[in-house]
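Enquirer: Residue-level listing of the chains:
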Amino acid sequence: MSAVTDTVRVAPAANPVSQSIRDSLVVAKRNLIRMSRIPEMIIYGLIQPIMFVVLFTYVFGGSMQIGGSTSAVDYKNFLMAGIFAQTVTFATASSGAGIADDMHKGLIDRFRSLPMARGAVLTGRTLADSVQTALTLVVLAVVALLVGWRVGSDGDTNLGKVLGAFGLLLLLGYAFTWIGALIGMSVRTPEAATSSGLIWLFPVTFISNAFVDTSHMTPWLRHIAEWNPFSATVQACRVLFANPGQSQSDAWPMQHPVWASLIYSILILVVFRTLAVRKYRSATA
Amino acid sequence: MPGAIYAEGLVKTFGDVKALDGVDLDVPEGTVLGLLGPNGAGKTTTVRCLTTLLRPDSGRAVVAGIDVLEQPDAVRRSIGLSGQFAAVDEYLTGRENLQMVGQLYQMRAKAAKERAAELLEQFHLADAADRPTKTYSGGMRRRLDLAAALVVSPPVMFMDEPTTGLDPRNRQQLWEVIKQLVSGGTTLLLTTQYLEEADHLAHDIAVVDHGRVIAKGTADQLKARTGGERVEVVVHEREHIQAAAEVLAGFGKGDTTVEEHMRKLTAPVTGGAKLLAEVIRELDTRGIEIDDIGLRRPTLDDVFLSLTGHVAEAKNEENDKEAAK
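Residue numbers (the UniProt record's numbering), protein chains in the order written: chain D, 1 to 285; chain A, 1 to 325.
Just so you know, the hints here were simulated from the structure itself, not pulled from any lab data. A portion of the hints provided could be inaccurate.
What the hints assert, rightly or not - Below, computed lysine-lysine pairings styled on DSS-like, alpha-carbon distance capped at 30 angstroms: (1) K179/A - K113/A; (2) K253/A - K223/A; (3) K113/A - K105/D; (4) K110/A - K29/D; (5) K216/A - K18/A; (6) K134/A - K105/D; (7) K110/A - K105/D; (8) K264/A - K223/A; (9) K29/D - K134/A; (10) K29/D - K113/A; (11) K279/D - K18/A; (12) K179/A - K105/D; (13) K105/D - K18/A; (14) K216/A - K279/D.
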């Protein structure tokens with residue numbers, strides 16, 4: 001066998017940032033086409049939060065104490081920020097399942113053999129999931145308005161603040177899809193990704209201020225709930241929507257919910273994106 | 001000058017399992033290397049290392065003149081990979097799949113679109129181009145997968161068991177496509193468990209077993225190693241075995257093997273059909289009645305058996321059962 005002496009030096013591809021954006025959009029488009037061909041996935045994704053709105057409003061509505069009031073109207077206005085936030089985090093499961101499915105079917109191998117940007121397969125997936133999340137939020141907001149949710153029910157707000165709240169929700173959802181991406185690459189099957197993508201979300205979303213007033217919790221649980229990143233976004237939404245039941249706690253995230261929500265989401269995004277992209281490079285189907 | 005695909009001492013360990021134990025390869029430009037071996041021999045791991053999907057623990061690899069470990073991105077621009085499992089998105093149409101791959105090879109959207117149309121035509125998928133690929137047959141999906149690997153007409157191609165699981169007609173079709181491709185000057189590394197396939201498509205064959213290349217050469221060279229052609233005789237009566245063995249000893253160029261229970265004798269010979277006629281005349285003269293006689297060239301199955309001491313693959317249930325015994 002002849003000895004290898006020279007290898008060719010190849011110039012790096014054009015601007016890596018623009019390539020990364022372009023590749024991510026190509027993959028996002030692919031995932032959106034996919035979603036449009038499996039409409040039942042979108043429909044099931046909608047049924048669950050709508051069911052929560054209806055069940056919580058009518059079953060728990062009359063017996064919950066919010067800010068000293070047991071009015072069902074107050075609970076309804078209190079609840080929606082929690083339901084919105086829970087809904088955006090549930091996109092985690094679909095991200096994880098989608099990526100696990102690509103691994104399982106060998107598509108990740110195809111992508112990894114192509115001269116494309118490193119994180120584009122995952123970024124494309126998480127972006128597409130965020131588009132779906134945004135659509136879900138729109139439908140959910142309409143349903144919430146139909147059952148009587150109103151912004152500004154407990155003070156003043158404006159359109160900018162309301163849109164800002166939805167922005168925070170989308171950011172939280174986007175950050176969480178990266179946790180899903182990491183789960184999707186760490187499990188063997190799409191089924192495992194779906195269940196392991198959901199299970200941990202229940203304690204995260206329930207040990208929080210989403211559905212109940214945290215001031216009634218035992219102290220240690222209350223502390224967890226108040227420092228829960230998820231609670232920060234819920235509190236921020238209540239403040240921006242001017243809805244009742246805002247936590248009066250001294251905990252920093254409850255006092256500065258918008259900042260806390262931003263910092264937490266960006267932190268989750270950076271940490272899990274880094275881990276997920278690293279895992280992607282070494283992934284084996 | 002090293003070949004278009006070059007590997008030296010590739011080692012890859014998964015836990016306790018040494019998947020690759022020092023693989024050396026050298027594929028000259030424009031030729032086809034068949035990587036032949038049973039399941040678990042290390043074929044796929046070799047391909048994964050060469051296509052940047054897996055980083056070897058040690059060793060060196062150069063593809064299209066580019067160092068695989070140093071510049072994986074540049075390698076990806078010069079290769080096409082077609083896998084064992086047709087890696088296409090089943091909810092996208094054939095056209096959408098190819099356009100996406102083209103764009104991810106950094107082609108402009110318009111160029112990717114044109115190339116997709118061209119490939120769909122070439123691979124006889126134009127009629128199904130706008131149907132989601134989950135409606136495709138197995139053969140159609142393989143063709144689409146292969147087309148996806150060819151989007152940028154890469155100078156070096158890797159195909160990991162391209163025809164595994166296909167029916168004979170589809171396999172034949174895919175072989176034709178591969179032959180066309182190679183006649184255009186593409187360098188190809190092909191893995192297969194089908195000895196016939198390597199014989200049919202590859203210029204050179206590397207036999208792998210337990211993560212090592214245990215033999216290399218053309219199909220003919222490998223066959224010659226197992227000792228050229230041979231005469232096989234099945235006698236009608238068991239008591240004629242001895243007499244027939246004496247006849248064969250007179251013509252044979254080596255030891256005659258006897259399978260008593262099948263009344264079958266095999267002897268290596270040279271001389272082809274002419275010699276076969278002489279053997280038949282001699283047997284006839286001695287009054288030895290035969291059920292079957294033939295001149296047999298060794299198959300790659302024989303090659304594999306003589307190299308490794310075990311059969312290349314469990315071709316059918318019978319082999320499995322024999323292995324179990």
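Enquirer: Would you mind marking each hint as holding or not holding in the structure?
Expert: Against the structure, the hints:
1. For the suggested pair K179/A and K113/A, the alpha carbons sit about 26 angstroms apart, so the restraint of at most 30 angstroms is met.
2. A hinted pair counts as satisfied when its Cα atoms are at most 30 angstroms apart, and K253/A with K223/A qualifies at roughly 16 angstroms.
3. For the hint pairing K113/A with K105/D, the CA-to-CA distance comes to about 25 angstroms; that is within 30 angstroms, so the pair holds.
4. Between K110/A and K29/D the CA atoms are separated by roughly 16 angstroms; this keeps the pair inside 30 angstroms, and the hint holds.
5. Simply put, K216/A and K18/A have alpha-carbon atoms about 21 angstroms apart, close enough for the 30 angstroms limit, and the pair holds.
6. Taken as a hint, the K134/A and K105/D pair is honoured in the structure, with Cα atoms around 12 angstroms apart against an allowance of 30 angstroms.
7. This hinted pair checks out: K110/A and K105/D have alpha carbons roughly 28 angstroms apart, not beyond 30 angstroms.
8. At roughly 22 angstroms between alpha-carbon atoms, K264/A and K223/A fall within 30 angstroms of each other, so this suggested pair holds.
9. For the proposed pair K29/D and K134/A, the alpha carbon gap of about 19 angstroms is at most 30 angstroms, so the pair holds.
10. With a C-alpha separation of about 15 angstroms, the suggested pairing of K29/D with K113/A holds against the 30 angstroms cut-off.
11. Between the alpha carbons of K279/D and K18/A the distance comes to roughly 22 angstroms, so the proposed pair stays at or under 30 angstroms and holds.
12. Pair hint K179/A plus K105/D holds up; C-alpha atoms about 27 angstroms apart against a cutoff of 30 angstroms.
13. Taken as a hint, the K105/D and K18/A pair is honoured in the structure, with Cα atoms around 25 angstroms apart against an allowance of 30 angstroms.
14. Taking the CA atoms of K216/A and K279/D, the gap is about 37 angstroms. The hint is violated against a cut of 30 angstroms.
In terms of the numbered hints stated before, the structure departs from hint 14 and from no other.
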